[in-house]
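Chain B: place on chain A using the hints.
Protein chains: 2
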Amino acid sequence: MTNKPKILVTNDDGVTALGIRFLIDIVKEIGEVVVMAPDKPQSGVGHAITFADPLRIKTIEKSDQYAEYSCNGTPVDCVKLAENVIYKGRPDLVVSGVNHGSNASINVIYSGTMAAVIEANIDEIPAIGFSIDTYSSNVDFEPSRKYIRKIIMDVLENGIPKDICLNVNIPYVEELNGVKLCRQAKASWKEGFDSRTDPRGQNYHWLTGEFVTNDIKEDSDLVALKNGFISVVPVQLDLTAYKAMDALGYLESGDL
Amino acid sequence: MTNKPKILVTNDDGVTALGIRFLIDIVKEIGEVVVMAPDKPQSGVGHAITFADPLRIKTIEKSDQYAEYSCNGTPVDCVKLAENVIYKGRPDLVVSGVNHGSNASINVIYSGTMAAVIEANIDEIPAIGFSIDTYSSNVDFEPSRKYIRKIIMDVLENGIPKDICLNVNIPYVEELNGVKLCRQAKASWKEGFDSRTDPRGQNYHWLTGEFVTNDIKEDSDLVALKNGFISVVPVQLDLTAYKAMDALGYLESGDL
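Line by line, the protein sequences give chains A and B. When we follow our numbering, the leftmost residue of the first sequence carries the number 1410, and every step to the right adds one. When we follow our numbering, the leftmost residue of the second sequence carries the number 1410, and every step to the right adds one.
Derived by calculation from the structure, the hints in this document are not laboratory data. A hint or two may mislead.
One copy or two, either will do: identical chains are not told apart, so a pair holds if it fits within one copy or between any two.
Subject to a maximum C-alpha distance of 30 Å in a straight line, what follows is the list of computed DSS-like cross-link-like pairs (lysine-lysine) [as the list claims (entries may be wrong)]:
id	residue 1	residue 2
1	1595	1437
2	1626	1652
3	1652	1571
4	1449	1626
5	1652	1559
6	1437	1497
7	1635	1595
8	1652	1595
9	1559	1571
10	1635	1497
11	1471	1599
12	1471	1635
Here the structure is a predicted model, which means the values were calculated and not measured.
Pulled out of the complex, with its shape left as it was, chain A reads as follows (with noise of 0.2 Å):
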């Protein structure tokens, strides 16, 4: 036992991932770290949980310092796994990450990466997801490398507001500008679906999508990427639109 901050590790993209072995490594030197993965890729899988088939659990490696373990689960399962199975309690703090692919915008809801980042939340423990905005195979991680570090120290240092978690993207430039507090950018994906038919004759659909936003507005996270900035985005659990409640006050009454 030490007095090293205990650091849970997870992402969406599988437990062999180049992000995620990037990150364990940031955080080795850093804390106690306990890596729960997905033992496949789980990207687009959301806030998704797992209650109608039994969960299991691979150890990989376990050492004082250092265990790591991969589940049959999703995100947020690795999280309350990691939590009641391995734990009995909470760690200091959740990565998770680096995603391949950036969750800036709109992405945040369908992420699996940042599932476990809120799920983690949820249960009070301070949390971050980090995503880098490519897809390139043979990304290197190298320049994000101190600014990771960065925010992970400053994150345990100073803490964070409490039901508040941080989406952080990291835009895939060779020299980064700094670090940016952001708002969510307003975005959406047109969908497109590729339909065709199968050998059987059989109609299928493959879902396809393109990214669109008219937010250029100086304070987004897109923008903030696009500038070179890695941004971070202070993500909220209570999703009440406070401000409609007026607009909203024929639905208490009338006749029925």
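Frame of chain A, contents of chain B only:
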């Protein structure tokens, strides 16, 4: 073709669930209805989407005023498929549910029912999720009929502010006291796992959990439900915690 509003119905309990059959029964009297629902229960899938597997649509019924389909996707896939493959455009309203089990409080984040609603709202379609606070297999939905109808009619007439959707939860009581606009109560699931050993000597874990809240203020959805009111929480797509920006200023400054 008529001037009736185009209403899309979906859910996460699957197309044969009692709750969606009840909701279909209500909206059939209001508009031109398309049903696109999962072919099997999808509770707890959150905002999952399917892009690594092909999606298939099954036509169950089709006439001028009413069309019913199921698919092998998640609730979010259902909305995307209906918009792109069936409507080739946008319906006037998306309704999801009636879910078997409450989606009040933090459950909004885990809910497939509400994920469909949020997805529709990302595409700027007014959308409402309905859930009833019971898992009883022979649930009597009738007391809620006139309220669900009124909420839908109200929304069609008055609209909902953009970027906001509605999370409606119905207490399971004989006498409903009315409709209340609420905020999302603060709560969490205190998880446990029921850990067992299979006949081959391998460990496995069933997710279990207990819903915990200390939020007993009058304006919360949980308190409204407890008092026999239908709770309506306006839900926003922007998760940015604007209030936390100042406290996190340290992330932008300091040495690397």
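Structure-based check of all given hints:
1. 1595 to 1437: For residue 1595 and residue 1437, neither the intra-copy (36 Å) nor the inter-copy (34 Å) Cα distance is at most 30 Å.
2. 1626 to 1652: both (21 Å within a copy, 19 Å between copies)
3. 1652 to 1571: Both ways: residue 1652 and residue 1571 sit 22 Å apart in one copy and 12 Å across, limit 30 Å.
4. 1449 to 1626: Answer is neither: 37 Å inside a copy and 42 Å across each miss the 30 Å cutoff.
5. 1652 to 1559: Answer is between: at 23 Å across copies they meet the 30 Å cutoff, but 35 Å inside does not.
6. 1437 to 1497: Answer is within; shortest intra-copy Cα gap is 21 Å, inter-copy 50 Å.
7. 1635 to 1595: within (15 Å within a copy, 36 Å between copies)
8. 1652 to 1595: Intra 17 Å, inter 18 Å, cutoff 30 Å: intra and inter.
9. 1559 to 1571: Only inside one copy: residue 1559 and residue 1571 sit 20 Å apart there, 38 Å across copies, limit 30 Å.
10. 1635 to 1497: neither (42 Å within a copy, 32 Å between copies)
11. 1471 to 1599: between (45 Å within a copy, 27 Å between copies)
12. 1471 to 1635: Close neither inside one copy (41 Å) nor across copies (47 Å); limit 30 Å.
Comparing the model with each earlier hint shows violations of hints 1, 4, 10, 12; every other hint is respected.
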